Amino acid sequence: GQQVMQIPQYQHVQEGEDFTTYCNSSTTLSNIQWYKQRPGGHPVFLIQLVKSGEVKKQKRLTFQFGEAKKNSSLHITATQTTDVGTYFCLISSGSARQLTFGSGTQLTVLP
Amino acid sequence: DTAVSQTPKYLVTQMGNDKSIKCEQNLGHDTMYWYKQDSKKFLKIMFSYNNKELIINETVPNRFSPKSPDKAHLNLHINSLELGDSAVYFCASSQAGRQPQHFGDGTRLSIL
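So the sequence lines, in the order shown, correspond to chains B and R.
If you read the first sequence in this note's numbering, its first letter stands for residue 5, the second for the next number, and so on.
If you read the second sequence in this note's numbering, its first letter stands for residue 267, the second for the next number, and so on.
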């Protein structure tokens with residue numbers, strides 16, 4: 005089956021610092037989605053990447069899809085305390101049968 | 267209106283009991299899912315279902331069974347609950363198999 009590695013598992017940053025989480029797959033992906041889960045909350049969809057080399061921005065968040073469609077990153081510029089939570093990637097390859105969440109990166113932002 | 271709603275929000279029960287968690291979506295989506303999130307926050311897909319096909323994660327014990335009375339509902343029934351079933355269970359829905367998913371608020375299941 006498909007596997008995905010997400011790193012780092014934990015990240016503590018000072019408010020204002022940047023943050024990046026990475027997802028790496030062993031297989032070529034059809035697409036990749038990113039979700040954010042606040043403490044005590046449920047995952048909330050952020051973005052979907054489909055094309056090789058795609059880059060999308062949402063305010064301070066930048067999402068990239070690798071040229072080979074095997075990896076992706078989420079970068080947050082100048083973190084704020086509202087960015088606290090766990091960020092997950094969700095990968096799919098082949099048919100829609102194969103859906104796998106990354107292990108998540110728990111972000112703590114220190115004021 | 268809540269897009270994906272699941273009940274109950276909390277479920278505390280004894281080992282060996284049978285329980286159900288209900289999920290309803292009002293988004294008109296044709297695919298629904300059940301996920302288990304353990305204490306380490308790993309999100310594992312258990313089932314995905316649309317009006318044509320039930321896809322089961324082969325690692326899920328057959329004590330777990332999804333039941334869909336119609337396109338807007340996917341309930342989760344669990345037989346003979348075990349201690350290791352303690353987790354947060356999320357229901358989700360999407361327009362199609364690879365489209366963005368909308369999650370319910372989760373059901374926190376605690377087995378005594």
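Bear in mind the hints are in silico, worked out from the structure with no lab data behind them.
On a predicted model such as this, the values are computed, not experimentally measured, just so you know.
Please note that the accuracy of each hint is not assured.
[Stated by the list, open to error] In silico SDA-like links for lysine to any residue, alpha-carbon gap of 25 angstroms or less:
id	chain 1	residue 1	chain 2	residue 2
1	B	Lys61	R	Lys337
2	R	Lys337	B	Val48
3	B	Lys40	R	Lys318
4	R	Lys306	B	Ser77
5	R	Lys288	B	Gly45
6	B	Lys61	R	His368
7	R	Lys302	B	Lys61
8	B	Lys74	R	Pro366
9	B	Lys74	R	Lys288
10	R	Lys307	B	Gly45
11	R	Lys307	B	Gly57
12	R	Lys333	B	Gln102
13	B	Lys40	R	Ala362
14	R	Lys302	B	Ala72
15	R	Lys306	B	Lys61
16	R	Lys302	B	Ser30
17	R	Lys275	B	Ser107
18	B	Lys40	R	Lys288
19	R	Lys318	B	Ser34
20	B	Lys40	R	Lys333
21	R	Lys310	R	Gln365
22	B	Lys61	R	Pro366
23	R	Lys307	B	Ala72
24	R	Lys306	B	Thr112
25	R	Lys307	B	Ser77
Hint by hint, here is what the structure shows:
The suggested pairing of B:Lys61 with R:Lys337 is violated, with an alpha-carbon distance near 34 angstroms, which exceeds 25 angstroms. For the proposed pair R:Lys337 and B:Val48, the alpha carbon gap of about 22 angstroms is at most 25 angstroms, so the pair holds. This hinted pair does not check out: B:Lys40 and R:Lys318 have alpha carbons roughly 30 angstroms apart, beyond 25 angstroms. Distance check on the hinted pair: R:Lys306 and B:Ser77 sit about 22 angstroms apart at the alpha-carbon level, within 25 angstroms; holds.
Using a Cα cut-off of 25 angstroms, the hinted pair R:Lys288 and B:Gly45 holds, with the two alpha carbons roughly 18 angstroms apart. For the suggested pair B:Lys61 and R:His368, the alpha carbons sit about 21 angstroms apart, so the restraint of at most 25 angstroms is met. Our distance criterion of 25 angstroms between C-alpha atoms is broken by R:Lys302 and B:Lys61, whose separation comes to about 30 angstroms. Among the hinted pairs, B:Lys74 with R:Pro366 is consistent with the structure: their alpha-carbon atoms are about 19 angstroms apart, no more than 25 angstroms.
Restraint check: the Cα-Cα separation between B:Lys74 and R:Lys288 comes to about 36 angstroms, which exceeds 25 angstroms; the hinted pair is violated. For the proposed pair R:Lys307 and B:Gly45, the alpha carbon gap of about 11 angstroms is at most 25 angstroms, so the pair holds. With a C-alpha separation of about 29 angstroms, the suggested pairing of R:Lys307 with B:Gly57 is violated against the 25 angstroms cut-off. The hinted pair formed by R:Lys333 and B:Gln102 meets the criterion: a straight-line CA distance of about 21 angstroms does not exceed 25 angstroms.
Restraint check for B:Lys40 and R:Ala362: the C-alpha separation of about 21 angstroms stays at or below 25 angstroms, so the hint holds. A C-alpha spacing of about 30 angstroms is found between R:Lys302 and B:Ala72, which places the hinted pair above 25 angstroms, so the restraint is violated. Among the hinted pairs, R:Lys306 with B:Lys61 is inconsistent with the structure: their alpha-carbon atoms are about 29 angstroms apart, more than 25 angstroms. At roughly 23 angstroms between alpha-carbon atoms, R:Lys302 and B:Ser30 fall within 25 angstroms of each other, so this suggested pair holds.
As the CA atoms of R:Lys275 and B:Ser107 are separated by approximately 24 angstroms, the hinted pair is consistent with the 25 angstroms bound. Between B:Lys40 and R:Lys288 the CA atoms are separated by roughly 24 angstroms; this keeps the pair inside 25 angstroms, and the hint holds. With a C-alpha separation of about 22 angstroms, the suggested pairing of R:Lys318 with B:Ser34 holds against the 25 angstroms cut-off. Annotation: proposed proximity of B:Lys40 to R:Lys333 is violated, straight-line Cα distance about 28 angstroms (limit 25 angstroms).
A distance of roughly 17 angstroms separates the Cα atoms of R:Lys310 and R:Gln365; the hinted pair therefore holds under the 25 angstroms criterion. For the hint linking B:Lys61 to R:Pro366, the alpha-carbon distance of about 17 angstroms falls within 25 angstroms, and the restraint holds. Between R:Lys307 and B:Ala72, the direct Cα distance comes to roughly 29 angstroms. Violation of the 25 angstroms bound is thereby established for this hinted pair. For the suggested pair R:Lys306 and B:Thr112, the alpha carbons sit about 16 angstroms apart, so the restraint of at most 25 angstroms is met.
This hinted pair checks out: R:Lys307 and B:Ser77 have alpha carbons roughly 20 angstroms apart, not beyond 25 angstroms.
Going down the numbered hints, you'll see the structure goes against 1, 3, 7, 9, 11, 14, 15, 20, 23, while the others check out.
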